[in-house]
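First to last, the protein sequences are chains A and B.
This note's numbering numbers the first residue of the first sequence as 969 and each following residue consecutively.
This note's numbering numbers the first residue of the second sequence as 1408 and each following residue consecutively.
Simulated from the structure, these hints should not be mistaken for lab results.
Predicted model, so just to flag it, every value in this text is computed and none were measured.
Among the hints, erroneous ones may be present.
Claimed, not checked - Every beta carbon over 10 angstroms from chain B, so not counted as near; a handful from chain A, in silico:
id : residue
1  : Ile1055
2  : Asp1293
3  : Leu1295
4  : Pro1440
Stated by the list, open to error - Listed next, with one range per pair, are the computed distances between beta-carbon atoms:
id : chain 1 : residue 1 : chain 2 : residue 2 : range
5  : A       : Ser1321   : B       : Leu1616   : 37 to 47 angstroms
6  : B       : Gln1656   : A       : Arg1310   : 29 to 39 angstroms
7  : B       : Pro1688   : A       : Ser1321   : 22 to 32 angstroms
8  : A       : Asn991    : B       : Ser1695   : 36 to 46 angstroms
9  : A       : Lys1027   : B       : Gly1598   : 40 to 50 angstroms
Backbone N, C-alpha and C define an ideal beta-carbon position, used for all residues, glycine too.
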Amino acid sequence: MKIKDIRHLTQSFANWQKAVKSNQFDLSEFSRSLVDYMHQAQTKTQSYITILPPAEINKKLQAAVKSNKPLLGWPFSMKDIFITKGIKTTASSKILQDFVPNYDSTIHQRLSRLGGTLTAKTNSDAWGFGASTENSDFYSSKNPYDTNKVPGGSSGGSAASVAMGLSAFDIAEDTGGSIRQPAAFCGLIGFKPTYGSISRYGAIAFSSSLDTVGLIGRDIKDIVWLFNQVKGPDQKDATVYPDQKPTKIYPASRLKAKKIGYIPGFLDENVQPDIISHFHKVKDFYTNNFNIEFVEINMPHFDYGLAVYYILAPAEASSNLARYDGLRYGRSRDQFGHEAIRRILLGNFALASGYYDAYYLKALKVRRLIYQDFIQAFKKVDALLLPATPTTAFDLGEKSQDPLQMYLNDIFTIPPSLAGVPGISFPTGFDSQGLPVSLQLVGPHFSEGLLAGLILAWQQSIKPYLNYPNLP
Amino acid sequence: MTKIKYQPVIGLEIHVELNTKAKMFCHCLASHFQAKPNQNVCPVCLGLPGAMPYPNKLALYKTLVIARLLNCQINPASSFERKHYFYPDLPKGYQLTQYIKPLGYNGYLQIEDIKYPIRRVHQEEDTAKLKHQIVNGQKLSLVDFNRSGVPLVEIVTEPAFSSARQAVVFLKTLQKLLRFHQVSDCDMEKGSMRLEANVSVKKASDAKLPDYKVELKNINSFKFTAEAIDYEIKRQIKLLEKSKAIPQQTRGYDPKLKRTFPQRQKEEAHDYKYLLEPDIPPIHLPKSWLEETKNLTPANQLLQEWINKGWPESVVKILFTHFDHLSWWRKLEEQIIKKQIDRKKLGHFLLKNKSRYYLKPASQLVQDFLAGQHVVDDSKLLTQTIDQIIKDNPQAVEDFLAGKQQALYFLLGRLRYKIGNVDAPKVIKMIKDRLTKLKTSSNSLT
Chain A
969 MKIKDIRHLT
979 QSFANWQKAV
989 KSNQFDLSEF
999 SRSLVDYMHQ
1009 AQTKTQSYIT
1019 ILPPAEINKK
1029 LQAAVKSNKP
1039 LLGWPFSMKD
1049 IFITKGIKTT
1059 ASSKILQDFV
1069 PNYDSTIHQR
1079 LSRLGGTLTA
1089 KTNSDAWGFG
1099 ASTENSDFYS
1109 SKNPYDTNKV
1119 PGGSSGGSAA
1129 SVAMGLSAFD
1139 IAEDTGGSIR
1149 QPAAFCGLIG
1159 FKPTYGSISR
1169 YGAIAFSSSL
1179 DTVGLIGRDI
1189 KDIVWLFNQV
1199 KGPDQKDATV
1209 YPDQKPTKIY
1219 PASRLKAKKI
1229 GYIPGFLDEN
1239 VQPDIISHFH
1249 KVKDFYTNNF
1259 NIEFVEINMP
1269 HFDYGLAVYY
1279 ILAPAEASSN
1289 LARYDGLRYG
1299 RSRDQFGHEA
1309 IRRILLGNFA
1319 LASGYYDAYY
1329 LKALKVRRLI
1339 YQDFIQAFKK
1349 VDALLLPATP
1359 TTAFDLGEKS
1369 QDPLQMYLND
1379 IFTIPPSLAG
1389 VPGISFPTGF
1399 DSQGLPVSLQ
1409 LVGPHFSEGL
1419 LAGLILAWQQ
1429 SIKPYLNYPN
1439 LP
Chain B
1408 MTKIKYQPVI
1418 GLEIHVELNT
1428 KAKMFCHCLA
1438 SHFQAKPNQN
1448 VCPVCLGLPG
1458 AMPYPNKLAL
1468 YKTLVIARLL
1478 NCQINPASSF
1488 ERKHYFYPDL
1498 PKGYQLTQYI
1508 KPLGYNGYLQ
1518 IEDIKYPIRR
1528 VHQEEDTAKL
1538 KHQIVNGQKL
1548 SLVDFNRSGV
1558 PLVEIVTEPA
1568 FSSARQAVVF
1578 LKTLQKLLRF
1588 HQVSDCDMEK
1598 GSMRLEANVS
1608 VKKASDAKLP
1618 DYKVELKNIN
1628 SFKFTAEAID
1638 YEIKRQIKLL
1648 EKSKAIPQQT
1658 RGYDPKLKRT
1668 FPQRQKEEAH
1678 DYKYLLEPDI
1688 PPIHLPKSWL
1698 EETKNLTPAN
1708 QLLQEWINKG
1718 WPESVVKILF
1728 THFDHLSWWR
1738 KLEEQIIKKQ
1748 IDRKKLGHFL
1758 LKNKSRYYLK
1768 PASQLVQDFL
1778 AGQHVVDDSK
1788 LLTQTIDQII
1798 KDNPQAVEDF
1808 LAGKQQALYF
1818 LLGRLRYKIG
1828 NVDAPKVIKM
1838 IKDRLTKLKT
1848 SSNSLT
């Protein structure tokens, strides 16, 4: 099959459904072609840890179509931090490079039951520690729009795979921006729902109070549909909200006269001018079409987000990684990469007696203040429009020697994570170098329907889901 | 020179495993005694990547019951923390426990006139078990995860005891109390009750507590606990008399040599780097639980309640030790009221037949008691049963023939066990006659 045809099928579920129902293509030929393209892409973008064999993909596809499962076999990929029964799961780390679990993550189990077909496990920063995939213990992934650039991270391989049209969607996890930032760098929708919407059981933990399972995809309608299928209580994850109503995308009529906030201080010289101009473009779109009022919002503690995050996230990470003590999984602790060691040390330091109050406890308190900033803001406005990232995709190697510069890339994605509120990054076009530009909408807890409505309206105006890089 | 008087200061830490069916944070079976190694395990209690704890509500309820029985203040909102340390029996690298907000605190257990203060009662999870074995000539440490994640409750007392006897009375009362309310089996042989005593000694004139303590660990009986504490007090006094400093230490007890021995020197304070468990939302005890458990009566007060109901005191004191489940007594009371039974008569009947009704439903006791009101007087049945009993108990027969009259009462007991109440003097005579006949016949044979 031609890449054009594959892309047509992965672009929207409607396309897939129509083609499957009318037998427009051969499933086994599709499986073979898809895998061929993934291997072809791998030589240039190194997006994958594991590509499943075509026979296995075909088998699952056939079964899902035959039994008329809701997803009809629609092929997706998963970040390699999700436990998949019988399929190697590494968290892109050397410690787990031979780990084949005999149990399943809830999200994979649910998608399998719904008839989704897992095609690949994607590369990321090891354990989710990073913003470029350069911290993968195996190799860095590349941005398919420009292979000298990073795809973002930690879910960089995920975003690249969807961007190339080789996954219909990807299941990833966002701790401080790991879905929204790579989606932004690759021109996709990065959907981080409210903390506690989707079960984390079987997602290899980075920072448990922040880790949020979400999706990277092209079309907000499909994403919300999938979100509704996989979210909800799980007897294996006590942090999932018990009573969740189905998310309904707000129709255009309900967007009228809503209020959107923005934080004026961020439209300064630290943000790439392309992103600022896109911000104004989108702002004008909403004002002109829906009479939406834009309101300046002060969030006095927003600036502390990064500092708080780099206390709390490493503290929890150091604890979550304690189980890789060299006794199990066949690899000793000297296999940990630099960033993992850095975070284990940072975390242990922040939790050590004598420093605990000054760092960990203080950070918890400031997190509370940031949370309250959001709650206060949402008394005045319905949502916030923010940049997703300060810049578009940066060069490979540009920041990998300077962790602080790397951390700064998450400056807009971290505060919503600390507050547990949903944030969705969405493509707004391209910058002067031809790299995708994105913004981010953030709303109150469980406001995914409103955010999706706003994004759907925008999506219909510029159709970013039709954009593809030249690869593979 | 007058001799300085010393006073022991003893505090206790007791771990009990709750008798829930499932483990604390997963659905695996909690029972692990004599189970085949690593049978009751899953990703959660093996600490595998991505696995998450899901708290067992019944275990929390039972912990609340314990806190209530020990008259504790309750934290209606509490949480779990991760206590980090490295050990092969701890697969996650941390143990889930309640450090900041124990479920219960500032309680006491009253024994006669003394209220022994309880510092805290909190919920945690048990560790896996290490087995050091020689396999194919190689010394190996094997890990059995059946016990990993079994719900455990830690009860910590204030250093309020001044003798081994006091401590053991406390421990026995506690064991009874927890068994009575069916929250734990408290079986030391099976490891469902584990004791630690912190022992130090101060000058009687000193108001302050000593600045060291010796932890006595891994002692698995009340008797040995008492012996170990007594030994330790003597050892420490001897050292103090020689003006020697006593190091902070963990010591074990050797029951054969009847003395304690050092196990490890305690580092100043281990830094456990407690972290709020982010995978478990804050625990809010339901109001209904708090209401239900408000008026739990400790066993020693229940005793009085039962005496007030009309049970003979001497009888019920013994019976409470034997029939140690509150629900059993409740069912018995229901029957007594329904069938208008005389508690005094029933009590004496039960006392005589203690072992027969152990672990049997209360309804069977009542049924037999009522049947037993009729004395079995069928002489054919009596003769047959006597013959059977004589045949089944050759030792007793021999004892009788050797002149031990006691053996007759043993045989009477066996008979009663088989067919119920009988006219004792009459039946004793029957047995005696039968045995005498046997004697003469065997004599004539020789």
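Query raised in the report: Which of the numbered hints are not met once you compare them with the structure shown?
Result: Hints 2, 3, 5, 8 contradicted; others consistent.
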